[in-house]
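Colleague: The primary structure of each chain is shown beneath.
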Amino acid sequence: MIKLDGGFIQNLGRVYGLYTLGFLGFVILMAIFEAAGVSNTVIGWLFVAFTVGIYAMIGVLSRTMESKQYYVAGREVPAVYNGMATAADWMSGASFIAMAGGIYLKGYPYMAFLVGWTGGYVLVASLIAPYLRKFGCYTVPDFIGTRYGGNLARFCAVVILVVASFTYVTAQINGTGTVAARALQIPFELGVWIGLAGILFCSMLGGMRAVTWTQVAQYIVLIIAYLIPVFWMSNKLGYGLIPHFAQFGAVERVQELEALLGVGSMMPTAEAQAEAGKLAALKVGINDASDSLMAKWKFFTLVLCMMAGTASLPHVLMRYFTTSSVKAARQSVGYSLLFICLLYLTAPALATFTKLSLLDPNVATSIIGKSVAEVSTLEWIQQWSNVGFLKVVDGNGDGIVQINEFFMRGDIVVLATPEMAGLPYVISGLVAAGGLAAAMSTADGLLLAIANALSHDLYYKIIDPKADTKTRLVVARIMLVVIGAAGAFVASMKLTGILGAVAWAFCFANSGLFFPLVLGVWWKRANRAGAVAGMIGGFAAGAWYLYMVQFGGMTPWAGIDGLRFGMIGMPVSLVLMVVVSLMTEEPDAETQKMVEEIRVPSGKTIVQQ
Amino acid sequence: MSSKQDEHWTKTKSLTTTTLVIWAIISFVIHWFGEGLNSDAFPGAYFMAGMGSQVAFAVLVFWFASRQNQIDEEFGFGEKLRGRK
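For the protein sequence lines, the chains are B and C, in the order given. Per our numbering, the very first residue in the first sequence carries number 1; after that it's consecutive. Per our numbering, the very first residue in the second sequence carries number 1; after that it's consecutive.
Hints listed in this document are in silico derivations from the structure and should not be mistaken for laboratory results. Treat the numbers as computed from the prediction; the structure is a model and nothing was measured. Certain hints may be false.
DSBU-like, lysine-lysine: derived pairs with alpha carbons at most 30 Å apart [stated by the list, open to error]: (1) B:K604 to C:K13; (2) B:K593 to C:K11; (3) B:K296 to C:K11; (4) B:K524 to C:K4; (5) C:K4 to B:K593; (6) B:K604 to C:K4; (7) B:K524 to C:K13; (8) B:K593 to B:K604.
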């Protein structure tokens, strides 16, 4: 072991520097193994075993029985590392696996997610996170419960947190299962449970402290895994060294090709689509920003919902409870965004280069315009057809693959890119390890948010306020296992695609929590009755609307579909909260003084625990 | 509330308002013009959604954090970092 002077926190740079070098060394070793003829299955296993083994080791080394360590990592995480951990916490299977595919298939309208999921951090930094850090709570419902007083407000916040986070966590466990199943060549259901075991190893013994340090490690793996293939493709296709700058030239070429191949005008025939089932053909161009009012409105509403959701999702907000000061919390939001942007700036480039690889007749790997017989012999087409991720349906029977005859699942843009572009298998293994890191790190944060709310707010604050630290931490761990198992059980039933559930989580969170959180800091007059009305009303209205649109057969109002139901929940929440607050008595002097205290960064935290 | 606290909060509010106005322009106003950003020479809509807005948000957050810190220092509300354990 390396000798550390002055403890772990003082040596973070060295520890994670060595870790990064070690990981790169491992990748090179795998490349050598591949050249030496070791089978793909073995390489896949080694990638998963090595990375998950390291996360589990960090989890075990970070075990703790102190409540401050368990809930907020001792409040000693430096801003930069908290930024990295937040980025891993934030970037889920949806960001890593589904995002580039979404841009590929759905074009410009889909990029509203990119804008929403980054701009939300401006709200986090300016409206919420620093104030909650000053407050000194362990969980988000802890803030709601103390600021507004009373068990009912706390309980409402717990319920919304659980619903939003649980919706989200099943998608992550599902993602873990998908990647594990492919890399290890095992059934999906088994992959889900193996993934869960890894997730629990990282969080159970050390709570927030363990999750923080594994998330930093997971961020390093996922960002390396995401960037390498894109750099490789950009250079291989000859557009330039740095994909982020090279992509604009490539976009112009893609737009030419899309016009030529009839993207947006050649729709799949009804029979072909029926045969392809849920798989989709390319129907929207990469830069088709429509001028219609509806298109603009849909972009606007999606951006707004994702932003407000970012600023109310408890697993993100609670990361800023771990910094050493209010100032560090603010800076840490900046670092989070920086580390997130590293991946989000790359996703459109990946989508664009993948399009070139598939559509450009001058590129050897292209398939559109080739004969169906020739395309069907390609190894990656066969592999991914076998697992139902893509399908070629010769709709007009001319024996040539047209743009409206190639159906796929968006996820394969990231997962199959290395094979599509003809990169060595070691890159596929790397991408699998990255996808696993992304899904696991988010699942960890979410499970912890749920389990902490149940153990700290429901059990300790509401049910048994006299419980000692040891009992509380045991309860916290039991909750973690129970919620994890429930999540894995739901995930193994494969109810929704990865992204549908993710957007729902954002809308549940913003419908119920956004205004109670923001107004709790910014409006002294906000009181308990108003907050409770805002939480219940907003959440119920949003949930009702989602149910009606998704399952009740209702036509969405003004293009507000299931991805955007926060547009219904948020206004209801705001109006109820303001009206009910004004109709009832103003908060007592003590509460008002507490709000004034929150606004001053220096001095002791409000809650001492 | 002391007048010092009052003044600190007034400045904080005005900084936050400025930040949110810039945020709203980058998030909503620019993208409302979607197709209008595109020209034959450059895919402007794609650029703004895929890169421009994101970079602008990151710069905005760092700028906000440093300005807010200056305000806190000015009123003596900056935090003295305790020695680490």
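Colleague: Hint by hint, say whether it matches the structure.
Modeller: Here's how the hints hold up against the structure:
no. : hint             : in the structure
1   : B:K604 to C:K13  : holds (22 Å)
2   : B:K593 to C:K11  : holds (19 Å)
3   : B:K296 to C:K11  : violated (35 Å)
4   : B:K524 to C:K4   : holds (18 Å)
5   : C:K4 to B:K593   : holds (15 Å)
6   : B:K604 to C:K4   : holds (18 Å)
7   : B:K524 to C:K13  : holds (14 Å)
8   : B:K593 to B:K604 : holds (14 Å)
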